[in-house]
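Chains as they are written, first to last, in the working numbering: chain H, 1 to 139; chain G, 1 to 424.
If you're looking for bench data, these hints aren't it; they were derived computationally from the structure.
Treat the numbers as computed from the prediction; the structure is a model and nothing was measured.
Glycine included, each C-beta is placed from N, C-alpha and C at the ideal position.
Some hints here could point you the wrong way.
[To be verified] For each label pair, taking beta carbons as the anchor points, the in silico distance ranges come out as: (1) Arg5/G to Asp107/H: 51 to 59 angstroms; (2) Pro86/G to Asn84/H: 54 to 62 angstroms; (3) Lys20/H to Glu393/G: 56 to 64 angstroms; (4) Gly340/G to Thr2/H: 45 to 53 angstroms.
[Claimed, not checked] Residues of chain G clear of chain H, computed beta-carbon distances all greater than 10 angstroms: (5) Gln22; (6) Ala210; (7) Asn228; (8) Glu264; (9) Asp286.
[What the hints assert, rightly or not] Where chain H lies over chain G, by a calculated footprint (3+ residues, C-beta under 8 angstroms): (10) 132 to 142; (11) 148 to 160; (12) 232 to 244; (13) 278 to 285.
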Amino acid sequence: MTTETAARPFNAASFYEFLKEGKFMGVRCRENGNVYAEARPIDPVSHSSDMEWHELSGRATLSTFTCISVAPASLEAKGFGRNNPYCTGIVTLEEGPRISARIAGVDASNPQNIRTGIALRLDLSEIDPDEPGLVFRPA
Amino acid sequence: MATTRPRRLARQVSIVGAGLSQFGAYPDKSSRDLFVEAFQDMQENIDTGISATDIEAGYLGNYSADLFEHQGHTAPIMADWLGMTPTPITRVENACASSGSALREGVMAIASGMYDVVLVGGVEKMTSLPTEGVTDVLASAADGLYEVPAGLTFPGIFGAIAKAHMDRYETNLDHLLKVGVKNHENGKLNPKAQFQVTIRDMMERRKARAEQRGETVPEWADELDFLNDARANPWIAWPLRLYDCAPITDGASCVLLVASEIAEQFTDKPIRIAGIGQATGRPLHDADELTSLSAAKVASAQAYEMAGVGPEQIGLAEVHDCFTIAEIVASEDLGFFAPGEGPHAVDEGRTARTGDRPINTSGGLKAKGHPVGASGVAQVIEVYKQLRGEAGERQLDNPNLEFGLTHNVGGTGGTCVVNVLQRG
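One chain only, chain H, in its complex shape:
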């Protein structure tokens, strides 16, 4: 890890800056090795503040999901809504932690055909630099 990476504060601004640079950076507790997708400055389990940045592979499985037809303003602006629902949910990362993410590349109009447990990968190309959020798609 570069000195520049190590020096960034553990907060969401850094998390999304990394993402915009094409890096999916979580944090790892140096005391007990717990990994978190969120940029937490304190490990809520070990209570240690001895954290370091930890690059995540972007490989995950789909744990649960929903397909949303009433979109918030930010996604309505991207064309989602009543006639174009989108899929979002909880993914379990290869490294263990879970995180919320939008799921692209699935047919959100037919949610009964979407299977939990499927393999996913992080899709950096879907990330909006103005409103960055995690997006995964079937691997």
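Using the hints provided, position chain G relative to the given structure of chain H.
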């Protein structure tokens, strides 16, 4: 590790009065109008009467008048409009559990010995914004940095919980819809409810309207057929449809809490707060389980322990059915049914007013309405009325009714407040 010693109130606390505004959509009523209405309803219902000058302190649950009405610092305005100044009043914000937490503050203020008479209430004026605006305001109770950027909305998070429950157990879409059918049947009997109609009533009305207009009359066989029709009941966040979601509501609630030793000065039928519990949970992606709210389990264990009862002694419960799946999950988290058994209990009618485990006799948030900051205390009011035998047409036919429970959730389980109430 936080201490787990048994929690005890230093002094017993009772409810001696309760008031609700009408729940619904009222373009001409602001928060203060709604709260005054609830207070006046309480004044009429307190056996010996109550004046604002008798109250020593107030706690007000309000989620977001700031965003809904562009009105911050709501508590002093409510106090002024009741004529309560200079009595101290404090706003408590815990999303949809705001007034649940406000009640807890009021209980502890009396138990501490500081006050004998405390007003606790909640208010929310929501219909001032269009539906999309309300969705955005409610979404702000989720994690704005890690849930909202993933496109999760409030119905979305509960939709994801529902999908996990369906994957893990035998839960299906009809189980969810049946929760709504039951709660509307109860709401029809509640004169304060936003929707005093059954789902069947709504179905028949739509048929009648189509007939009047000379349109093809839909051939729905029954309520479930109607609810499974996407034209009548559109998807919001699959697997949740419109009728799986609590409505957007204007409303207010309040109760008068007093030290139990003086309760008889106000009524000969006080209801004691036998156990209180409150716990904190994490966003769904960090939760222990995707099919349960851990805060509800912890808060209910606290409340049962303090009251000295278990779930089997609870005669009725008002639970936080912001979405139909939330009622099923609550019925399991509270120990009424084993995990995965909640949907079957709905199927078998066990949670109906006539069942062995009546849940949401008021109509729940689904039919009574969900003015978010007012809901926690409104739940307490239903249990108070049932335990006093004053629930009118929806009164439970159970002469041995002694304990009732309320379960109030903030966000997606970030906060959960559970109370056990006891007759006498």
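Closest CB of chain H to the CB of aspartate 286/G still more than 10 angstroms away:
Since the minimum Cβ distance to chain H is about 7 angstroms, aspartate 286/G lies within 10 angstroms and the statement is violated.
Say whether it holds or is violated: glutamine 22/G keeps its Cβ farther than 10 angstroms from all Cβ of chain H.
holds (27 angstroms)
Cβ separation of glycine 340/G and threonine 2/H, checked against the hinted range 45 to 53 angstroms
Holds: the Cβ-Cβ distance is about 49 angstroms, inside 45 to 53 angstroms.
Given as covered by chain H, does the stretch 148 to 160 of chain G meet the bar of three residues or more with CB within less than 8 angstroms?
It holds: at least three residues are needed, and the stretch 148 to 160 of chain G offers 11 whose Cβ sits within less than 8 angstroms of chain H.
Does the Cβ distance between arginine 5/G and aspartate 107/H fall inside 51 to 59 angstroms?
53 angstroms Cβ-Cβ, so the 51 to 59 angstroms window holds.
Within 8 angstroms of chain H (C-beta), three or more residues of the stretch 278 to 285 of chain G:
holds (count 4)
Are three or more residues of the stretch 132 to 142 of chain G within 8 angstroms, CB to CB, of chain H?
holds (count 4)
State, for the Cβ atoms of proline 86/G and asparagine 84/H, whether the hinted interval 54 to 62 angstroms holds or is violated.
About 55 angstroms separates the Cβ atoms of proline 86/G and asparagine 84/H, which means 54 to 62 angstroms holds.
Report holds if the minimum CB distance from alanine 210/G to chain H is greater than 10 angstroms, and violated otherwise.
holds (22 angstroms)
Regarding the assertion that glutamate 264/G does not contact chain H, is the least Cβ-Cβ distance greater than 10 angstroms?
holds (47 angstroms)
Does 56 to 64 angstroms hold as the CB distance between lysine 20/H and glutamate 393/G, or does it fail?
Holds: the Cβ-Cβ distance is about 59 angstroms, inside 56 to 64 angstroms.
With 10 angstroms as the threshold, tell me whether asparagine 228/G passes as away from chain H on beta-carbon distances.
For asparagine 228/G, whose nearest Cβ neighbour in chain H is about 13 angstroms away, the distance exceeds 10 angstroms, so it holds.
In terms of the numbered hints stated before, the structure departs from hint 9 and from no other.
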